[in-house]
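Engineer: Fit chain B to the given chain A structure using the hints.
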Amino acid sequence: MAESTIDLSVRTPEPAPAEQEQSPDRAARLRAGARRRLRSWLRQPGLVLAVLVLLTVLAWALAPGLFAPRDPLRADPAHIFEPPGPGAWFGTDYLGRDLYSRVVHGASLSLRAPVVAVALGLVSGTTVGLLAGALGGWVDALLMRAVDVLLAIPGILVSLAVVTALGFGTVHVAVAVGLASLPGFARITRAQVLRVLGEPYVEAATASGVRRPVVLLTHVLPNVRGPVLSLAALELGTAVLAVAALGFLGFGAQPPTPEWGSMVSEGRDYLGDYWWFTTLPGLTLALVTLSVNRIARSVTHRRTH
Amino acid sequence: MARYLAVRLLHAVVTVWAAFTLSFLMLYLLPGDPVTIMLGGAGGSGDASPAQVAALRSAYGFDKPVPTQYADRLWAALHGDFGTSLQTGDTVAHTFATAVPQTLALAGAALLLAAVLGLGTALVATATHSARLSRLLLTAPSVGVSLPQFAVGLVLLQLLSFHWRLLPAFGDPTGLGLILPAVTLALPTASVLAQVFAQSLADALDEPYVTTARAKGAGRARVQLRHAACNAALPLLSLGGLVAGNLLAGSVVVETVFSRDGFGRITAAAVAAKDIPVVQGAVVVGAVVFAAVNLAVDLVNPLLDPRLAQRARRTPERSSRRWLRARST
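Going down the list, the protein sequences come from chains A and B.
Numbered by UniProt numbering, the letters in the first sequence go through residues 1 to 305 in order.
Numbered by UniProt numbering, the letters in the second sequence go through residues 1 to 329 in order.
So that you can see chain A by itself, here it is in the shape it has in the complex (with noise of 0.2 angstroms):
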């Protein structure tokens, strides 16, 4: 695994211009080559299936209207707990509200506040991990002694005093989950800096004498880029989890605003007599999930193989 790592980064960071002008020859190999790739990719079906599904689940976010018609907040107080079929595929809750047009319109904020969350964790780690393996010494021993404390924390206590302080919403379960994740990618960050560091080409750049922040921004951060991406795919699984089990806890998006965590919790009063509730809304969430951790996985695979 180590290894094929460092086969990723030896390799020529800018092709010469020259070499950029596409020969009839070398566009026919670029086909050929993504031919080839889209056919060990469909031979996938899991992966396929992941796909179909986080696009759907994306289209959702960007055009609810389009996908669900009906009023996610609109009661109708004749057709409550009425069960799935075809007015109401999901059914409906003690409101009467149509739960497909609920969850269909709750994926924007509930697929926003992980991406969000792991934009800000991969920001803010990577900046730590750059400066503690660039900078070591004491500033290395200091910061990477905060991230160890904050990975002796559980993720979700981080979370959960981090909305103690800011206050309930879903920027602040973003906030909260995005700095439980910092850590994982101040390590990972610190550890191929310091990896990237011994390389030749960082040695050429400093001796033909190329400013120490010039050197880290350009030549050590683009070749950190393969493992810290990885991991942020992985970490958006996660992501998506934590934003749910703090929306159902009630800390996030609060009611009536569809939230797919907050629409199962909604449904656990009404367990017992009508299962479509909590049940739909809840594998939608798993579904949604499941093939986010299954397209990291093979992006990592990628990656490492």
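By construction, these hints were calculated from the structure, which means they are not laboratory data.
Beta carbons are placed, not taken as given, at the ideal position from N, Cα and C, and that holds for glycine.
Incorrect hints may appear among the rest.
To be verified - Some chain B residues close to chain A (C-beta under 10 angstroms, calculated; not the full set):
id : residue
1  : Leu22
2  : Leu29
3  : Gln149
4  : Leu159
5  : Tyr209
6  : Thr211
7  : Asn246
8  : Gly250
9  : Val271
10 : Val285
11 : Leu299
Unchecked claim - These stretches of chain B come out as covered by chain A in the derived footprint (C-beta under 8 angstroms, 3 or more residues):
id : stretch
12 : 276-283
13 : 287-298
Structural biologist: Showing chain B alone in chain A's frame:
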């Protein structure tokens, strides 16, 4: 060896202290005015008179400068005093002392289940002759970590308690009622254990001693159980802190789903009520559990693995660091 013990112990103490400090920074400094937050969360919205606010402020010491506040709190915490709960007026230490045993029973049951399920999955997946079964068992853990715990708990409740009426839903916290929460809590941990153990088993089966054992005529089962599995189980020990943290963190959701009293439910309720002292207590308890389990692992590991005992006697400089220094001079 004594030096090794002292270093590990110091490490554990520093971890807990740092967690205390971090939670102090987050909970008492970040919000701006903790008193307003506490008043807003504890039910009263804006109906507190300025005199009440001032009384609360001086009761919690918020009128003092921050370093003094921190020193006071740390000193009190060293004596086991983490303040009093805003909701119940009970001390934080007592609140957790009564809650933790319940969670311990749940976590213990879950750990047992997770170990049987996780290790069993990995063993069967490695031992089976059927490639299909092996692939199925090896993908199961990645499904296990992708399932939202609260939804799994609710679906189990729905099917087994409400639909088929096999198990009690609530009440009966120690008998049959323990089964469903323990299963829910165990699933992610079992998945992690299965993944790590399967990998470590595969590594162990590549080792020369396995070839030797085979060459000497040991059967397949004997090689796997006696030679490979014992060695492959060692890396699992280093997961101890992570597993304990997972179980504790999982209790927040699982105890809420199954309405069980314990660490998790108290924590969730404290966050909902903005009960800052209790939330800080929960963070510190989490860090204590993590540090204590890791300390125990550090102490047991050299006893089980002579190679580690040898390494513990020396304290080598990290090789990467030494190498970098050599290059830079």
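Engineer: With reference to the structure, classify each hint as holding or not holding.
Structural biologist: Comparing the hints with the structure gives:
no. : hint    : verdict
1   : Leu22   : 6 angstroms, holds
2   : Leu29   : 9 angstroms, holds
3   : Gln149  : 7 angstroms, holds
4   : Leu159  : 9 angstroms, holds
5   : Tyr209  : 23 angstroms, violated
6   : Thr211  : 23 angstroms, violated
7   : Asn246  : 7 angstroms, holds
8   : Gly250  : 8 angstroms, holds
9   : Val271  : 5 angstroms, holds
10  : Val285  : 9 angstroms, holds
11  : Leu299  : 17 angstroms, violated
12  : 276-283 : holds (count 5)
13  : 287-298 : holds (count 3)
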